[in-house]
Amino acid sequence: LAKTTQPISMDSYEGQEVNITCSHNNIATNDYITWYQQFPSQGPRFIIQGYKTKVTNEVASLFIPADRKSSTLSLPRVSLSDTAVYYCLVGPLWGGGNKLTFGTGTQLKVEL
Amino acid sequence: DTGVSQDPRHKITKRGQNVTFRCDPISEHNRLYWYRQTLGQGPEFLTYFQNEAQLEKSRLLSDRFSAERPKGSFSTLEIQRTEQGDSAMYLCASSLLLQGDYGYTFGSGTRLTVV
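Each protein sequence line maps, in turn, to chains Y and H.
Here the first sequence stands for residues 1 to 112, numbered as in the numbering used here.
Here the second sequence stands for residues 1 to 115, numbered as in the numbering used here.
It is worth saying that the hints were derived from the structure and are not from the lab.
From a predicted model like this one, the values you see are computed outputs, not experimental measurements.
Take the hints with a grain of salt, since some may be wrong.
To be verified - One side of the interface only, derived from the structure: several residues of chain Y facing chain H at Cβ under 10 Å:
hint: 1; residue: Val-18
hint: 2; residue: Phe-46
hint: 3; residue: Gly-105
Stated by the list, open to error - As a list, the in silico DSS-like pairs of lysine-lysine whose alpha-carbon atoms are at most 25 Å apart:
hint: 4; chain 1: Y; residue 1: Lys-99; chain 2: H; residue 2: Lys-71
hint: 5; chain 1: Y; residue 1: Lys-99; chain 2: H; residue 2: Lys-14
hint: 6; chain 1: Y; residue 1: Lys-99; chain 2: Y; residue 2: Lys-52
hint: 7; chain 1: Y; residue 1: Lys-3; chain 2: H; residue 2: Lys-57
Positions of the beta carbon are idealized from the N, C-alpha and C atoms, including for glycine.
Please work from the sequences and hints to get the whole structure.
Here is the structure:
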């Protein structure tokens, strides 16, 4: 499975846009990029998933350049409740039992 | 059915004791997974079931660990002769085959503390 590299931590203020970049130089042709969010004492929660270009949902946007060696999770106008750990995962959509391989994630802290 | 349920939420046990955790997946989900998460780390895969069959086990799952999913519904994870290194959050997740990651739902976990 492709290894991912993302910043250990980021700080932001309420109302700002936050961009978290993930590097995945060894991404395979059939790999998808998925982001999860985890609050303390809770399990990870799916945020967004994409294969190429741009994906947007009600929570976030995911930008993937043509070479797919990196991706950026964009959170618009963050609030205190967005303080969490964000994980970037890369792997096949099907197969392998869909087991997920997590890295250490990015701890986002949002302040007033 | 509002999500994946795990019981208990917290467990404190003395070293050497056996513990058992339960996971109730989303009812229509046929796959069930167990993960372990230690402080500051992401969840690590332990094992997964498709219906009642245990299809894969991680090398992290030592002989002291055993998981079952009788009748393809709820699952239990038992740790025998607990050690302090077993202290972690144990997460259960379920998914429906062919829904990919969109259908992958985690529970809130069982936090185990071995003293």
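Worksheet item: Is Lys-99 of chain Y within 25 Å of Lys-71 of chain H, Cα to Cα?
Response: 21 Å, holds
Item to complete: Assess, step by step, whether the Cα of Lys-99 of chain Y is no farther than 25 Å from the Cα of Lys-52 of chain Y, and give holds or violated.
Response: The hint holds at about 21 Å.
Worksheet item: For the pair supplied as a hint, Lys-3 of chain Y and Lys-57 of chain H, is the alpha-carbon distance within the 25 Å limit?
Response: 21 Å, holds
Worksheet item: Do the alpha carbons of Lys-99 of chain Y and Lys-14 of chain H lie within 25 Å of each other, as the hint requires?
Response: 31 Å, violated
Item to complete: Tell me if Val-18 of chain Y is really an interface residue toward chain H, meaning its C-beta lies closer than 10 Å to one of theirs.
Response: Check failed: Cβ of Val-18 of chain Y comes no nearer than 19 Å to chain H, outside 10 Å.
Fill in: Hint validity - Phe-46 of chain Y Cβ closer than 10 Å to any chain H Cβ
6 Å, holds
Practice prompt. Go through the hint on Gly-105 of chain Y and say holds or violated, using the shortest Cβ distance to chain H against 10 Å.
Written response: Because about 5 Å separates Gly-105 of chain Y from the closest Cβ in chain H, which is inside the 10 Å limit, the hint holds.
Violated hints for the displayed structure, listed by number in ascending order: 1, 5.
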